[in-house]
Structures are given as structure tokens and as C-alpha cells.
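Visitor: Given next are the chains, with one letter for each unit.
Number of protein chains: 2
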Amino acid sequence: MTAERDREEGLSFQPKFGADGLAACVAIDVRQGDVLMVAHMNEAALEATLKTGVVHYWSRSRGALWRKGDTSGQIQRLVEMRVDCDQDAFVALVEVGGDGGACHTGRRSCFYRRIETGQHGTRLAFTEEGDRAKGERC
Amino acid sequence: MTAERDREEGLSFQPKFGADGLAACVAIDVRQGDVLMVAHMNEAALEATLKTGVVHYWSRSRGALWRKGDTSGQIQRLVEMRVDCDQDAFVALVEVGGDGGACHTGRRSCFYRRIETGQHGTRLAFTEEGDRAKGERC
Numbered sequence: 001m002t003a004e005r006d007r008e009e010g011l012s013f014q015p016k017f018g019a020d021g022l023a024a025c026v027a028i029d030v031r032q033g034d035v036l037m038v039a040h041m042n043e044a045a046l047e048a049t050l051k052t053g054v055v056h057y058w059s060r061s062r063g064a065l066w067r068k069g070d071t072s073g074q075i076q077r078l079v080e081m082r083v084d085c086d087q088d089a090f091v092a093l094v095e096v097g098g099d100g101g102a103c104h105t106g107r108r109s110c111f112y113r114r115i116e117t118g119q120h121g122t123r124l125a126f127t128e129e130g131d132r133a134k135g136e137r138c
Numbered sequence: 001m002t003a004e005r006d007r008e009e010g011l012s013f014q015p016k017f018g019a020d021g022l023a024a025c026v027a028i029d030v031r032q033g034d035v036l037m038v039a040h041m042n043e044a045a046l047e048a049t050l051k052t053g054v055v056h057y058w059s060r061s062r063g064a065l066w067r068k069g070d071t072s073g074q075i076q077r078l079v080e081m082r083v084d085c086d087q088d089a090f091v092a093l094v095e096v097g098g099d100g101g102a103c104h105t106g107r108r109s110c111f112y113r114r115i116e117t118g119q120h121g122t123r124l125a126f127t128e129e130g131d132r133a134k135g136e137r138c
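So the sequence lines, in the order shown, correspond to chains A and B. 1 is the number of the first residue of the first sequence in the working numbering; add one for each residue after it. 1 is the number of the first residue of the second sequence in the working numbering; add one for each residue after it.
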């Protein structure tokens with residue numbers, strides 16, 4: 001089996017991080033099945049996630065390991081972790097603690113706006129769930 | 001409204017790319033609601049996606065703009081594009097052409113293995129949908 005085929009078809013875990021040491025991770029609400037957030041993991045965050053069963057990310061803005069929920073209570077308990085074909089992206093199926101949300105704006109999902117293109121250029125619009133009223137910060 | 005708050009609560013589209021010029025995009029099958037793949041977009045890929053309604057990525061391995069499906073027929077027609085709170089990640093709700101899959105291994109989703117931790121270290125296991133039989137390349 002070639003190295004590439006082994007990475008794709010084998011059962012050995014060979015996570016691949018980008019030049020910046022990071023890989024994208026999508027957090028999915030295991031009950032509702034929708035995307036809560038997309039963030040990044042470095043090797044330490046991935047290891048901590050698998051070891052503790054609580055999702056850790058690497059905060060690019062703070063340059064620090066980040067156990068999601070430490071300040072908000074929105075802990076993400078890992079139910080299942082998946083890896084993609086070339087092992088450079090992850091999907092975390094999670095149960096969320098606290099108020100059940102993931103977004104620091106107070107909404108459940110970070111993806112509360114859709115992109116619309118039209119005569120007047122490209123604009124955003126709130127999804128029903130993401131409307132302004134729900135954007136009040138806790 | 002501060003610049004940060006405008007980015008999070010406003011309706012102006014201000015996509016933010018990383019130091020490498022890229023942002024993660026999660027493709028979701030609009031019918032089944034599950035994650036098909038995670039890839040990256042640069043500004044040109046995002047613009048081409050919004051302009052044409054067909055999802056384009058930036059191939060990091062090939063260093064080229066990549067209209068998904070051009071060789072495989074697995075075209076991703078954009079039904080809705082969402083952006084997250086800080087506008088540096090995207091979710092594309094897509095209808096897939098061709099065989100309805102997204103993965104070059106022949107599977108529908110790239111996330112066909114889960115990560116398992118145990119006595120013998122960290123290993124992968126195929127999900128039911130991602131078992132070896134389905135991994136035969138077309």
C-alpha cells in the first residue's frame with residue numbers, strides 16, 4: 001500500500017497539519033445534526049480532545065490552547081471524532097453543555113447569516129434562527 | 001458599531017482570510033444534511049462560487065483554483081452559502097451532481113472513518129457507510 005493509499009484506506013491515524021500547524025475541525029451538534037462552528041486544532045488541541053473527551057481548539061486570535069466552554073460553560077463533549085480521507089480535517093460530533101450554544105454572540109450556531117448576491121452587490125442576511133433578537137450577548 | 005461588532009452583527013460582507021489567504025469551507029449535502037467535505041477557499045474561489053453558483057475551492061496540493069467536479073462530475077451546485085460570526089469560515093449547502101458523492105476515494109463523504117482511542121493507542125475505524133467495499137475507486 002503506498003503511503004497515500006495507506007493514509008486514505010488504512011486504519012493508522014496520521015493526522016496532517018498545515019504549514020501553520022493547524023487543521024480545521026467542524027463541530028456538529030449530535031442531536032440536531034447541524035454545524036455549530038468551525039475552528040482550528042493544532043496537535044496539542046487534537047491530543048487533548050481525544051484524551052479528555054472535551055473538545056479543545058487552538059485559538060488563532062489569542063495564540064493559545066482553548067478548551068471550548070471554559071468561560072462560557074458551552075463545553076463540547078466529544079461523542080465521535082471523524083477524520084477525512086487525507087487526514088487533514090476533522091468533524092467532531094458533540095453534545096454541548098451550558099445553554100447548548102457554541103457562538104460567543106449568544107446564538108446557538110456561528111453560521112447565522114447567509115450570503116446573498118444581487119444587484120446591489122454581495123450582502124448578508126440573517127437566517128431565521130440567527131436574527132438580531134437572538135444576537136443579544138448573554 | 002465597532003468594526004468587530006459590525007463584522008459579527010452587520011450585513012456587510014467582509015470575508016477574512018488567514019495568513020495563507022485561505023478560509024475553510026464545509027460542504028453540506030442539502031438533502032441529507034451531513035458533511036461531505038472540508039476544503040479551502042481563497043478570495044478568487046469564493047468569488048467564483050458566488051458568481052457562478054458552482055462551488056470552487058483552492059487546491060492546496062495543486063496550488064490552483066479548483067472547480068469541484070470538473071473531472072469527476074461531482075459538481076456542487078450552491079443552494080445557500082453561510083458565513084460565521086467573524087466571517088472567516090463558510091458553510092456551503094450543496095446539491096451534488098454526478099454520482100452524488102464528494103470524495104475522490106469513491107465514497108459519498110470524505111469523513112468515512114472515526115477516530116478511536118484505546119489500550120493500543122489511537123486508531124481509525126470505518127463508519128458503516130465508509131467501509132472498504134465502498135472505497136473502490138471509480
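Hints are computed from structural coordinates only; laboratory data are not their basis. Take these hints with a grain of salt, some might be off.
Stated by the list, open to error - For each label pair, taking beta carbons as the anchor points, the in silico distance ranges come out as:
no., chain 1, residue 1, chain 2, residue 2, range
1, A, A44, B, D20, 32 to 42 Å
2, A, E95, B, R67, 34 to 44 Å
3, B, H120, A, T52, 16 to 26 Å
4, B, G33, A, G73, 22 to 32 Å
5, A, D6, B, Q119, 14 to 24 Å
6, A, R31, B, H120, 39 to 49 Å
7, A, G97, B, E128, 37 to 47 Å
8, B, S12, A, A44, 30 to 40 Å
9, A, R31, B, E128, 15 to 25 Å
Said to hold, decoys possible - If you want the footprint, here are the derived chain B segments under chain A, 3+ residues with CB under 8 Å:
no., region
10, 2 to 10
11, 14 to 25
12, 71 to 83
13, 92 to 106
14, 112 to 120
Stated by the list, open to error - Anything over 10 Å on all C-beta distances counts as not near chain A; from chain B, calculated:
no., residue
15, V30
16, R31
17, G33
18, D34
19, V38
20, A44
21, K51
22, R60
23, A125
24, T127
Glycine included, each C-beta is placed from N, C-alpha and C at the ideal position.
Visitor: Just want to verify: B:D34 was marked as not at the interface with chain A; is every Cβ pair farther apart than 10 Å?
Guide: violated (7 Å)
Visitor: If I claimed the Cβ atoms of A:E95 and B:R67 lie 34 to 44 Å apart, would that claim hold in this structure?
Guide: At 37 Å between Cβs, range holds.
Visitor: Taking the minimum C-beta separation from B:V38 to chain A, is that value above 10 Å?
Guide: violated (4 Å)
Visitor: Take the region 14 to 25 of chain B, compare each residue's beta carbon with every beta carbon of chain A, and decide whether three or more fall closer than 8 Å.
Guide: holds (count 4)
Visitor: Compute the least Cβ-Cβ separation between B:A125 and chain A, then decide whether it is above 10 Å.
Guide: violated (7 Å)
Visitor: B:R31 clear of chain A by more than 10 Å, beta carbon to beta carbon?
Guide: B:R31 clear of chain A: closest Cβ-Cβ about 13 Å, beyond 10 Å.
Visitor: Determine whether the Cβ-Cβ distance between A:R31 and B:H120 falls within the hinted range of 39 to 49 Å.
Guide: At roughly 31 Å between Cβ atoms, B:H120 and A:R31 fall outside 39 to 49 Å, so the hint is violated.
Visitor: Go check the region 92 to 106 of chain B versus chain A for me, would you? Three or more residues, Cβ under 8 Å, otherwise it fails.
Guide: holds (count 3)
Visitor: So is B:G33 really clear of chain A, every C-beta pair being over 10 Å apart?
Guide: B:G33 is in fact no farther than 10 Å from some Cβ atom of chain A, at 6 Å.
Visitor: Evaluate the given range 16 to 26 Å for the C-beta pair formed by B:H120 and A:T52.
Guide: Given about 19 Å between the Cβ atoms, the range holds.
Visitor: Does the no-contact call for B:A44 survive, Cβ to all of chain A over 10 Å?
Guide: With a cut-off of 10 Å, B:A44 remains clear of chain A, as the shortest Cβ separation is near 14 Å.
Visitor: Honestly, do A:D6 and B:Q119 meet the 14 to 24 Å range at C-beta?
Guide: holds (22 Å)
In terms of the numbered hints stated before, the structure departs from hints 1, 6, 7, 17, 18, 19, 21, 22, 23 and 24, listed from lowest to highest.
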